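Chemist: The primary structure of each chain is shown beneath.
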Amino acid sequence: MADLAPPVSNRDAKRPMGAWRKPTVVALVMALVLTGCASDAPQSALDPAGPYARTLDGLFNPVMWVATAVFVLVQGVIVYSVFKWRRRAGDDDDAMPAQLHGNTKLEIGWTILPALVLALVAIFTIPVIFELHAKPADALEVSVTGAKYWWGYTYGTQPEFGITQADGIVTANELHIPAEQTVLLRLTSPDVIHSFWAPRLNGKADVVPGREHTWLLEADKPGVYSGQCGEFCGTSHANMRLKVVAHDQAGWDDWVERMQRVPLEPVTGSAARGFQLFAQKGCSGCHQVDGAYETVAPNSPAAPNLTHLFSRDCFAGCIYDLNDRNEMEAWLRNPQRKAGSLMVVGALSEQEIDDLYAYLETLE
Amino acid sequence: MSVADQTMAPTSTPVESSGPLAHDATAAPHHTSTGLSNEKLGMWLFLGSECLLFGGLISTFLLYRAKDVPGMAGPAVGDLYDIPFTSVSSFVLLMSSLTMVLSLSAIQRADQRRARTWLLTTALLGGTFVAGQVYEFTAFVREGLGYTTNLQSSAFYTLTGFHGVHVTLGIVMLMSLFVMSLRGRLSSERAETVEIVGLYWHFVDIVWIIIFTLVYLIPA
Amino acid sequence: MSAESTAAARHEEYQAQTEHEGADHPSERSYVGIALILAVLTAAEVATFYFEEELGALLIPALIVMMIVKFFLVIMWFMHLRFDHNLFTRIFVSGLVLAVGVYMAALLTFKFFS
Amino acid sequence: MITTGSRFWFALAGLSVVAAAVYFVSSGYEKYGSLVLLFAAVAAMIPGLAAVTLRDGTVPAAADDGGGPSAGIADTRLPAVWPALMALGVGFVVVGLAVGGALVYVGFGILAVSLVEWMVQSWAECSTADPAVNQALRNRIMYPIEFPALAAIGVALVVIAFSRVLLAVPRTGSTVVAIVVASLILAVATLLSARPRVSSSLVTAVVVLGAVALLAGGIVAGVAGERNFEAHEGGHEEAGEAGEGHENVGGGGDEPAADPGGHGG
Amino acid sequence: MALTEVRPPLELTAGDEPLRKPLGAFTRPTSSQGWRSWITTVDHKKIGIMYGATAMAFFALGGLEALLIRAQLAQPNGQVLDPQVYNQMFTMHGTTMIFLVIMPMLAAFSNYLIPLMIGARDVAFPRLNALSYWIFLFGGLFLYSSFVLGGPPDSGWFNYAPQSGVVHSPGHGIDYWTLGLQITGIASLLGAVNLIVTCLNMRAPGMTLLRMPVFVWMALVAQFLLLFAIPVITVALFLLMFDRLFGANFFNVSAGADPLLWQHLFWIFGHPEVYILILPAFGIVSEVIPTFARKPLFGYPFMVFSGIAIGFMGWGVWVHHMFASGVGPVSVAAFALTTMFIAVPTGVKIFNWIGTLWKGKLQFTTAMMFAVGLVSQFTIGGLSGVMHSVAPHDTQQTDTYFIVAHFHYVLFGGSMFGIFAGMYYWWPKIFGYKLSERIGKKNFWLMFVGFNLTFAPMHIVGLQGMPRRTATYPEGMGWDLMNLLETIGAFIIAVSFLVWIYNVVASRKNPHAGADPWDARTLEWGTSSPPPVHNFDVEPTAEHLDEWWHVKYDEDEQGRPVRRQSYTFYSDVDEASKARGGRAPEVDTSSIHLPSPSYWPVVIALALPLIGYGLIYTYWLAGIGGLLLFAGVYGLGLEPSVDPEAGHDDHAADGHPDPDPDTETGTELVDAEVGAPGGAGASKEETP
Ligand code: HEA
Ligand code: HEA
Ligand code: CUA
Ligand SMILES: [Cu+2]
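Protein chains in written order, with my numbering: chain B, 19 to 382; chain X, 505 to 724; chain R, 11 to 124; chain Z, 745 to 1009; chain D, 35 to 722.
Don't read these hints as lab results, they were simulated from the structure.
Computed from a prediction, not measured in an experiment: that's the story for all the values here.
Just so it is clear, CB atoms sit at the ideal spot from N, CA and C, and this is done for glycine as well.
Mixed in with the good hints there might be a few duds.
Listed below are several chain Z residues computed to face chain X (Cβ distance under 7 Å; list not exhaustive) [unchecked claim]:
| # | residue |
| --- | --- |
| 1 | Ala895 |
| 2 | Val899 |
| 3 | Val902 |
| 4 | Phe906 |
| 5 | Ser907 |
| 6 | Leu910 |
| 7 | Leu911 |
| 8 | Thr919 |
| 9 | Ala922 |
| 10 | Ile923 |
| 11 | Ala926 |
| 12 | Ala933 |
| 13 | Leu936 |
| 14 | Phe973 |
| 15 | Ala975 |
| 16 | His976 |
From just these sequences and the hints, can you work out the full model?
Modeler: What follows is the structure, given as structure tokens:
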């Protein structure tokens, strides 16, 4: 098997049929990367939908091309060398190639050239870093809470955006913003590090407990942009998703108006029973409902404010469809269907679930 | 040669002292590429590495002491310092560095007796320092600053505790050398062992020099 | 003669060419002298504690300078770096510089010095 | 055949099993610790079995090899203080049980130490015909444990005794005591090294005297108790850590409460 | 066992047959054969092999975990693992691969090769070396014991606080993680000191620093990085451990702690760590490529200095792992800059390898294929690294599969390819026979295809917004196809790994390969395969870079190498090597002394997990562990490194097994009795 003669057995001289695979596979991959902005990827960073994300993309594309150039150059030379200078069957093994030890000019060249290329990249990169940290004056401000495993949003009083109510607007999981409007997020966390990320609007920003970070967002057009938590935060990190809903002016006004209405307390029927159950079953120990259940138990985990629950489309970290009644009933039956969820409830009868659902439905 | 001798052959030191070849195990450091002894080089490398250990602990302390924590539990460490006492401790440790180097110098002159005296003195001064630290810790705890009380206390005790453990290990090494010397196993050919333990000891001293200034004297 | 000893002899020869420092250690008197300087410096450090107001903005620089001087006195004399092979110095100083560098930088990112 | 070497290991294994059982019951059926102990037993069995299969270190086996019946009997036993020490340990335990307190543990400690020492020693005694060799065997096994243990005890004694003294005297007193003691140590050392011809018995006397003084100081200070400390704000949180029954933890009311956040900067 | 039983002691009169083992089980071990020799060995070669074998075993484990990960992610809403288990899998996968596979694998190569390559008989501290290995092994086993003792850690390999705190991770998994890494860290630190001293102090005469093989250089730089990086993670681990075990506040946000402290400490360690993982692999290919290109390495000094430069610069870039963590624009800008420019020295390496290929006569052995594979695949990973350094856009990339793609390209396409190249290359040196080239090529191509199929699509899904560390993903995100491909690729890698195992097993019957089967360049090829215990019968001297090549080859007028008619090996070699012009040296090897085997390293290493379990469960166990630790350290210290009682049977001249020490008439007691430094063994030679 192993030849004793120097140095390699003849078998190796055969062309490995796979040698072509390298360039083809790689080219294929590159092609796929470049066409990755296919529209069936709703959360793609390659498909920016706002000025910030576009700035990032605008930075990425040229760098991508630089990398592609280096890639083609390096792989090209490797492949060329591999074919050009491979030892062939019947070669005289004692004939040695020229023993080149090096070439200082070349060395200097290939030290300086990449350095220049990188300097160029740096020149375009550095200003953007500061640009993205600038704080525009006329932004809509939203306080964002990343908690296990959901997102909470509080809009302070901002008359210029129609928010006049004293304690502002509180909602969860779906972030509503006006399109073509800069939004300044203030990010905090009550438990561990999360990361707010809506790729089509901007990169991600870590939400660090004990700190308040700011981050900017802007959407070109009305629409729904999906995102999710970007930092590992425990069992259900994968289920800590979010949506950004950008409205046109009219839509925004409607939304703001609706969110500032305090829901009425149901007085009859199933919903009224649900209203009672909401306290009896301990829901109000964790969840706030404006005008009805305002204070939560001191040891409660952070839980979404449910005042306008049914103004949303998704719930529990945006992994369930709120328009699907079964999903909500399943949730009330067993919140642990979302693994690691911090919502703990005692067993509820089907009747109680119906009643609670009836009550929750009034919260819009 | 009896078995007893063999099991206690001249390399008896807690410091790793195996040479690569038999003749290196005891020989002067002349068979190495740099002419330096393996053990000493090893100790210096270790000390270089320790710089990053203590650097990390000191930075942690500095960061957390400077931090404004609204409603912090317990007192701030700075309010409890007994600077005169700590100054004495620092002085004790400094002097132990002197006695350490005197011991080395004695053993290099094959002056066993003095070497032994200074070794024991160094160990005793080290013991005094550690006792002072135990006293300080106890006093702080009595004054309301436990290990878990606040950010600063955790960082403080961890940093100075790490240093104290280093001192204690140093004392144990010194005592081992002392015992070896009593049993006549610390010939001047083994002066290097004393030197290496000494390096460790001085390092612990310079760490304290830094701690004394950065942790105790510079106000938060 | 065994191969071992010829190799050793070659070693010896090779060693002779490489420079070898060391051996000349300072006298005990100079050790005591250094210790005295150290003690005086420590006293001066402690004194700053009682003259905090008077020193004002000078306090911290003064303390740091004294600390550095003490530090270097110990490593140079007691640890013999001054007299020993400079490989030791290089190794230790690289650890030291690295530690100071990375941790200062890390503290900077926390805006520690501002 | 059970060889001499293996006995030690088997005994260790047996002890681990017993310890595991005791622990399992006494800890309220905590399984992990017990598991680890069982693991230790298995670990001890391995070298034991190895010693058996290799017929390692067995006198009779060696004698077999050597052929010929061995004549003459010499006493190879080493002098032993262990039985006496064990008696002392038992005494401590009894007294400790009677008066309560930490004495029981001291007694058990002494018992354990002398048991192990005795075990190893009697094992070593049977190993060869030469007491010197046997002594060497004992040392080979016990030195690595005795050296650090003794050093640790020594350091602990110095540190504990001296820190008791520091805790007992008033605040400025501690500083003074510390500087006096350090200066004394330095002075004596300087004297000793300046006078090379002092008799070794004098040196021993000085050292013993110092040790006795230190221990006495430690005991006196320990009995006298600590001075009063003023607890600063928030001290109550640490009540658990403050240790057993120090009634003299001060009230701490008169210290102006540091303003929250005022520590920073 | 009766403690008081008095046995008639045996009298021993002069001339009687001596007792063989007065110390019983405590006899200083002497065997160089059988399992005991492995437990007690201090031979750097055996230790290297043990490191390698252990690391490959852990690779199988880490790979299995990866396969589970991939199985779960093959399709949206995967049901293979529940989220908790998934988190444990990727945590253990990352931790295993980095700390228990690549680091020890490179320790294996460094251990085995450095002494051979610099012409030394062993490392500077052979017993410390054994200690490092055992500590590493027990550290790894300790970490893995968490699987049966309450569940492994689940907070990721960088284990960010406060998720790793006791509030959010109340189980013991994280404790196993901190303590386990603490233990393996001790091993790395000891190893670093040892190997650095070896490189600096143990070089053969004439082996100046700039004549050291590039592998030795890169390993040296990596060991320096370890030396300075380990204490940093040690600090981090201690702080976390004290938080968890003793209620300290380092990462307790409610007490005002800043979670970014952990990130800084971790990544100050973490980034040098990634160069620790790659530099030795760079060293390996720097040996493999010249051998099979039949040319010297292009630009040797530049290779060395770029390696050193990488080592230095590696300390100044750690914040690039925290671009999204809110450190502020100034820090981000500064570290983005430093990160970009680290590509420069790495580029120098890539270009010099290509320069070595250029106009060579390339022989595509499996080793060479893996080496060239590294040059090409690592470049891809490096380029995505440069894309990360564009900090603003990194906020899109970080914590996505784009990063996962990057680091698998550098770690697998870099380090692992390098390790495989090294294994195929040095196998004949280590075991005396080559691995089958035919199977090896299948191994390579399967791995190459599987690797790219697994990790290339991750670039795409990453940019399409798929975050990493997510146990599941919904349908309709556009990630389905790529994930399926990745999973298929992972299983192809698994097949290639099985092919490798098959190769190892099947090749054992291969004929002896000779001392220098590849006609290679560095000193280790000048001694027999496998090398004798003492490595070289005659200690080499180095007059050139690539000394062994210059021993074999002269130069003709055009500067082309011409093979000499005959040359001398450094030890007794086999017929095959003799047939190629080699001669064996004529020396008496009986005078070469090496440190004797010892039990103590294992004892010390055993103490550490005991302390670990003790800290987790009951403190008294930690006390016992501590006592054992001290006893071990003292035992090792009190024991002379060269057993004065030992005959020199532990390294018979020809490296062949000695007669079983048990059947040899012993010498110990004779020495003891007669009191003379004599006896059968000692009379051969005593310490000078
Ligand atoms: C072997 C390990 C290894 C190596 C060598 C590298 C090398 C590099 N890495 Fe990588 N990295 C990791 C392992 C490694 N990395 C790991 C494990 C992580 C993730 C940790 C985690 O989060 O779990 C990571 C993450 C990581 C990040 C953080 C991403 C994030 O989480 O947001 C960044 C950011 O800048 C980065 C950058 C780089 C750069 C610039 C290099 C450079 O050194 C690369 C240089 C090489 C080249 C560029 C190619 C060759 C050069 C040329 C051909 C010259 C010409 C080139 C140009 C002009 C561009 N790496
Ligand atoms: C050297 C490092 C290294 C290596 C070699 C690998 C190898 C592989 N990695 Fe790993 N990976 C990391 C380092 C590495 N990884 C790190 C650091 C992380 C980050 C962890 C974190 O986020 O904390 C990570 C994370 C990571 C993830 C992301 C998980 C997540 O974020 O949710 C994925 C997903 O696909 C993955 C996949 C793989 C695969 C398929 C392989 C394959 O190449 C594996 C190939 C090997 C095998 C397939 C072995 C086959 C074994 C057998 C066939 C069994 C034989 C058994 C016997 C003989 C007994 N890895
Ligand atoms: Cu929140 Cu991940
Ligand atoms: Cu990095």
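Chemist: All the hints need checking, so say for each whether the structure fits it.
Modeler: Hints, verified against the model:
1. With a least beta-carbon distance of about 5 Å to chain X, the hint placing Z/Ala895 at the interface is held under the 7 Å criterion.
2. Given the 7 Å rule on beta carbons, the hint for Z/Val899 holds: about 5 Å separates it from the nearest Cβ of chain X.
3. Here the hint on Z/Val902 is kept, as its CB sits about 4 Å from the closest CB of chain X, short of 7 Å.
4. The beta carbon of Z/Phe906 is positioned within 7 Å of a beta carbon in chain X (closest approach about 4 Å), and the interface hint is therefore held.
5. The criterion of a C-beta within 7 Å of any C-beta in chain X is met by Z/Ser907, whose closest approach is roughly 4 Å, and the hint holds.
6. Nearest Cβ of chain X to the Cβ of Z/Leu910: about 4 Å, under the 7 Å cut. The hint holds.
7. A cut of 7 Å between beta carbons decides the hint on Z/Leu911: the least distance to chain X is about 6 Å, and the hint holds.
8. With its C-beta approaching chain X no nearer than about 5 Å, Z/Thr919 sits inside the 7 Å limit, and its interface hint holds.
9. Evaluation of the Z/Ala922 hint against chain X yields a held restraint, the C-beta minimum of about 5 Å falling below 7 Å.
10. At its closest, the beta carbon of Z/Ile923 sits 5 Å from a beta carbon of chain X; the interface hint therefore holds under the 7 Å criterion.
11. The criterion of a C-beta within 7 Å of any C-beta in chain X is met by Z/Ala926, whose closest approach is roughly 5 Å, and the hint holds.
12. At its closest, the beta carbon of Z/Ala933 sits 4 Å from a beta carbon of chain X; the interface hint therefore holds under the 7 Å criterion.
13. Against a cut-off of 7 Å between C-beta atoms, the interface hint on Z/Leu936 holds, since the closest Cβ of chain X lies about 5 Å away.
14. The criterion of a C-beta within 7 Å of any C-beta in chain X is met by Z/Phe973, whose closest approach is roughly 4 Å, and the hint holds.
15. Proximity of Z/Ala975 to chain X holds as hinted, the smallest CB-CB distance being about 4 Å (cut-off 7 Å).
16. A hinted interface residue such as Z/His976 counts as satisfied when its beta carbon comes closer than 7 Å to some beta carbon of chain X; here the least separation is about 3 Å, so the hint holds.
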